[in-house]
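Chemist: 1 is the number of the first residue of the sequence shown in UniProt numbering; add one for each residue after it.
Just so you know, the hints here were simulated from the structure itself, not pulled from any lab data. Among the clues, some could well be false.
[Unchecked claim] Computed list of lysine-lysine pairs in BS3-like fashion (alpha-carbon distance at most 30 Å, straight line):
#1 K105 to K131
#2 K48 to K70
#3 K105 to K70
#4 K48 to K103
#5 K68 to K185
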Amino acid sequence: MPKSAKKIQPLDNTESEVPDRLPVFPLPLFILPNGRQRLRIFEQKYLKMVSSASQGSGFIIAPQDAAKPKTLSSWGTRVTIVDFNISDDNILEIDVEGVQLVKLKDAMRQQDTLITSCFQNLPHWPELNAKTPNIMTSFLVQLFRENESIRTLYPAPDFENSQWTCARLLEMLPIPLEKKAEFTKPASFPSLVPFLNQIITGQ
């Protein structure tokens, strides 16, 4: 966040009751529970979405395949807004945090073209006592050290948690969205660790 950015009152993160239908924001992004992203909002329909989502219910980010821009993903991540600011160029910037993977159902396009959808919660990785190779943790720590924008998003990183570490690496590394999506399945975590380790070490 630029030091000169105009800070707005932080949000109350107490989550309200989630409605049956939420706005959907298709983006070429991959975000998992506890992951964070900064988004720039300027289209009127999404400004309206943010106004509603800031009450606590959030919205859904649906990963959009750049090769299929008109195709809506069948799944997404429900996110809540944890902070927002006005940038130096007067664009609204919001920080969102992943809450839950969801399956999209009965998606509809409103008159203003904003997509809304019913959704069903999807299971993610179960709690495991898995260990992450030190080189993977060190790689993520280095990414944090070198990128102020990442440090700003994560004031309290959990490098000791192997699932948190692997999730952030999966989000940040330049891996095709289609491949990343394979690791959203509940039983996929054991295969994710060697996959990430191979990418980082080249072995």
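Chemist: Indicate, hint by hint, whether the structure satisfies it.
Modeler: Here is what the structure says about each hint:
1. K105 to K131: violated, 36 Å
2. K48 to K70: The hint holds at about 22 Å.
3. K105 to K70: holds, 17 Å
4. K48 to K103: holds, 23 Å
5. K68 to K185: holds, 22 Å
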